[in-house]
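Asks: Could you use the hints to bring the two separately framed chains together as a complex?
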Amino acid sequence: MSNEAGNRTTTTSERELLAAVVRRDRNAFAELYRTYQPRLYGYLRRFAANPVVVEEIVDDVMFVVWTDARKFRGKSAVSSWIFGIAYRKALTALRREGRYEAPLRRDVETADPRSGSQADIELIHAGLAGLSPDHRQVIELTYFCGFSYEEIAAIADCPVNTVKTRMFHARRRLKVLLPRLAGEKTEQGRDQV
Amino acid sequence: MTRYDVRSHEESIELLPWLVNNTLRGDEREAVEAHAKSCIVCRRELAELEALRESVQAASATVPAPDMRHINARIDTQLDRESRGRYLLEGLRDFFSSPWRAAFAAQSLALVAVAAMLMQSGTGEPQFRTLTTTESLPEGHYLRVVFDPSLEQATIDGLLADAGLAVAAGPSERGVLTLRFAEAADDADRSAVAATLRSDPRVLFLQPVATGD
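Here the protein sequences line up with chains G and P, keeping their order. Counting in the working numbering, the first sequence runs from 1 upward without gaps. Counting in the working numbering, the second sequence runs from 194 upward without gaps.
Bound-form chain P, shown alone (with noise of 0.2 Å):
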């Protein structure tokens, strides 16, 4: 017996088709063809596999010749897209080489963070302040102005004492000066001010405020 052992005609059997396409190996080989030459039956169907593998076997396509272009092309692409993917990893590389550049990253993440972080820490309760805002103003009557951006401190000044008002607070981030009345003025006298400064062309922006009524 031969070192294969066909244990069955079963086993046999389902070898064939690689008896017929001769890729048995040596020891499988012998032992499906000793056991054939004693089995009609598994004669029958090799004869049977013969034909199939010859009618599977006669139609065959022209084959083309090799024509590489298409392939090239995607590969060109594909390179092409490596080598730039490649070329970005090798900048970054490069400039994080530099102590001073990855401590320059570094310092500039760490702002950003911060940003980030003061961003939604304003988010989280809104606060906000119109030029009618007056929590943090002691009691009193008092004008929110805005005067033209081109005029001298000393100009503003002189446009303060000559109404009787005084700086109470301001200028804000958008100019706004909050201006107390003198403490004698009573209603007509805040009223012609008032007029007076709307009249004004250097006068932007005039308000009138009340605390405390």
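The following block holds chain G by itself, in its conformation from the complex (with noise of 0.2 Å):
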């Protein structure tokens, strides 16, 4: 059960590196930038189809990064924070759609061969487009970026329980718009469930 994008672990260096940004020590930010872009890329490119407007985006989040450093207060993780900005920022992506557009479908660059085929990895994305922008978040950060539920409930800024709640919904409406999926994957069938 590994986590892909989600190395989560707030190290002592990431809060150090942030005090740094704070008295404005342009290395530091430079190795927090690129510590966080990948990781901020590949979960902002669930979210919108343009890989330049992701870059844009990540930038947007790495310059808040660098001008609100002094309001991070220390109650959660680095990650969690600017995981926070950028969730806002994928928020109002979704909830864009003229200018973001369907992500990651056709356009995935690359896609494990281990796990499942082509029409699966549509097929989910398909399912996941279909649910509101808050749920999708909860599944996107919990199997995409690997965050616990305490963690997700930092960077969306409210309650455990909504966390859970919005998970438990998510489920139950992917369980309708992936029947496929669900029946290919398990061995004795969502029906049962």
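Please keep in mind that the hints were generated in silico from the structure rather than gathered at the bench. Every residue, glycine too, gets a C-beta built ideally from N, C-alpha and C. Be aware that one or more of the hints could be misleading.
What the hints assert, rightly or not - Subject to a maximum C-alpha distance of 25 Å in a straight line, what follows is the list of computed PhoX-like cross-link-like pairs (lysine-lysine):
no.: 1; chain 1: P; residue 1: K230; chain 2: G; residue 2: K164
no.: 2; chain 1: G; residue 1: K164; chain 2: G; residue 2: K175
no.: 3; chain 1: P; residue 1: K230; chain 2: G; residue 2: K71
no.: 4; chain 1: G; residue 1: K75; chain 2: G; residue 2: K164
Stated by the list, open to error - Each pair of labels, with its calculated beta carbon distance range:
no.: 5; chain 1: P; residue 1: E275; chain 2: G; residue 2: G74; range: 20 to 28 Å
no.: 6; chain 1: G; residue 1: T162; chain 2: P; residue 2: Q271; range: 31 to 39 Å
no.: 7; chain 1: P; residue 1: R277; chain 2: G; residue 2: R73; range: 24 to 32 Å
no.: 8; chain 1: G; residue 1: E16; chain 2: P; residue 2: A266; range: 55 to 63 Å
no.: 9; chain 1: G; residue 1: T67; chain 2: P; residue 2: T255; range: 25 to 33 Å
no.: 10; chain 1: P; residue 1: Q271; chain 2: G; residue 2: A19; range: 14 to 22 Å
no.: 11; chain 1: G; residue 1: R15; chain 2: P; residue 2: Q300; range: 36 to 44 Å
no.: 12; chain 1: P; residue 1: R262; chain 2: G; residue 2: D25; range: 17 to 25 Å
no.: 13; chain 1: G; residue 1: P51; chain 2: P; residue 2: R294; range: 53 to 61 Å
no.: 14; chain 1: P; residue 1: S291; chain 2: G; residue 2: R88; range: 46 to 54 Å
no.: 15; chain 1: P; residue 1: R286; chain 2: G; residue 2: R24; range: 14 to 22 Å
no.: 16; chain 1: P; residue 1: E223; chain 2: G; residue 2: R24; range: 40 to 48 Å
Stated by the list, open to error - Here chain G is said to cover these stretches of chain P; the calculated rule only asks that three of the stretch's residues, wherever they fall, bring their Cβ under 8 Å from a Cβ of chain G:
no.: 17; region: 209–215
no.: 18; region: 239–251
no.: 19; region: 256–262
no.: 20; region: 268–276
Replies: Written out as structure tokens, the structure reads:
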């Protein structure tokens, strides 16, 4: 159960880097940028079709990190704080349907050959696209980014129970949207659930 | 029983997504796993969630190499704006660090305030004085006259003496003299004097004024 995009641990060095950013240390900021750019890009790419737009949003997120580093109070992990900024950007992206089209479907650059066919990948993304933005975020943050429910609560700035409730509804909705996937992958079929 | 006590199937099943992504705390994980071992519904749900996790993770975009040119440009702009603001503040602080400059600034501020008050009081009740205004003059006949400003006072005095006129008021800010006729002058005399002065190129303006009639 590895987390592809979610190397979540907030190390002391990340806090130190952020503290250095408060002091306008550009080397520290560059290190944070290099650390988070791949994770943020992967996460935000889930919601926006245009790679150039995704790069812009990543820069927007990291610019907020630069300008608002002093607002980090240390109550959550640095990664939760940064992904919280990205979460709000992603929500905006999801709600701006005109500009942000359906993400990662036929334009998937790479697919893990070990897990499922391209058709399955397209199917799962069609199912995810059918979820509400809040419900989809919980799925993506859990399974793509690998965050715990406490971290997701910090990212989405909501109670832990809200995260669990959103996940519950997202799962129920996905069962409706993705019966084929669930049926193929489970031994006993979803009808018994 | 583990320290984290899963009291119900509902509590267990709602934590399954995070059992799958391996982020439950140790005691939570043990409790949920223990429940799932004996719960066929949870085991089925686990299998579905594992399939979901694999599918979500299966597609991953190629991540471009970090390129900080744009964000560095934004940061440069922001820092430049900040430093300009700081420079202005420091300049003001330096300026006011001298007591003389501070006093000068305070005095200037006071002058501006007084000027503003005067302007405001001036606009409260407009007062106009035209060339024919006669409220402050005794009863009689007068001329409002403006001489060429290049004339010397002695020349003006000579002209007035020749015409039998005396200064009753002025000159005003605009150089208007109010001239009084000799007491003996009648209407014909006054008309003749006025006509003579009007014809003199050194008289720029002339206006007869009468009070008390």
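Asks: Go ahead and decide if the range 14 to 22 Å is satisfied by the Cβ distance of R286 (chain P) to R24 (chain G).
Replies: holds, 21 Å
Asks: Given the hint of 40 to 48 Å, is the C-beta distance from E223 (chain P) to R24 (chain G) inside that range or not?
Replies: Holds - the Cβ-Cβ distance for E223 (chain P) and R24 (chain G), about 46 Å, lies within 40 to 48 Å.
Asks: CB of R15 (chain G) to CB of Q300 (chain P), is that within 36 to 44 Å?
Replies: At roughly 52 Å between Cβ atoms, Q300 (chain P) and R15 (chain G) fall outside 36 to 44 Å, so the hint is violated.
Asks: Check the hint pairing K164 (chain G) with K175 (chain G) against an upper bound of 25 Å on the C-alpha distance.
Replies: Given that 25 Å is the threshold and the Cα spacing comes to 17 Å, the pair holds.
Asks: Count residues of the region 256–262 of chain P with a Cβ under 8 Å from any Cβ of chain G, then say if the count reaches three.
Replies: Three-residue rule met by the region 256–262 of chain P, so holds; n is 5.
Asks: R277 (chain P) and R73 (chain G), beta-carbon distance inside 24 to 32 Å?
Replies: Distance hint for R277 (chain P), R73 (chain G) holds at roughly 30 Å.
Asks: Are 3 or more residues of the region 239–251 of chain P near chain G, judged by a Cβ distance of less than 8 Å?
Replies: With 12 residues closer than 8 Å to chain G, the region 239–251 of chain P meets the three-residue bar; holds.
Asks: Are there three or more residues in the region 268–276 of chain P whose C-beta lies within less than 8 Å of some C-beta in chain G?
Replies: holds (count 3)
Asks: Is the hinted range of 20 to 28 Å satisfied by the C-beta distance from E275 (chain P) to G74 (chain G)?
Replies: holds, 24 Å
Asks: Is 31 to 39 Å right for how far apart the beta carbons of T162 (chain G) and Q271 (chain P) are?
Replies: Once the Cβ atoms are compared, 35 Å apart, the range 31 to 39 Å for Q271 (chain P) and T162 (chain G) holds.
Asks: Given the hint of 53 to 61 Å, check if P51 (chain G) and R294 (chain P) actually sit that far apart at their C-beta atoms.
Replies: Hint holds: Cβ distance 57 Å, inside 53 to 61 Å.
Asks: Taking the Cβ atom of R262 (chain P) and the Cβ atom of D25 (chain G), is their distance within the range 17 to 25 Å?
Replies: holds, 19 Å
Checked against the numbered hints above, the structure violates hints 3, 8 and 11; every other hint is satisfied.
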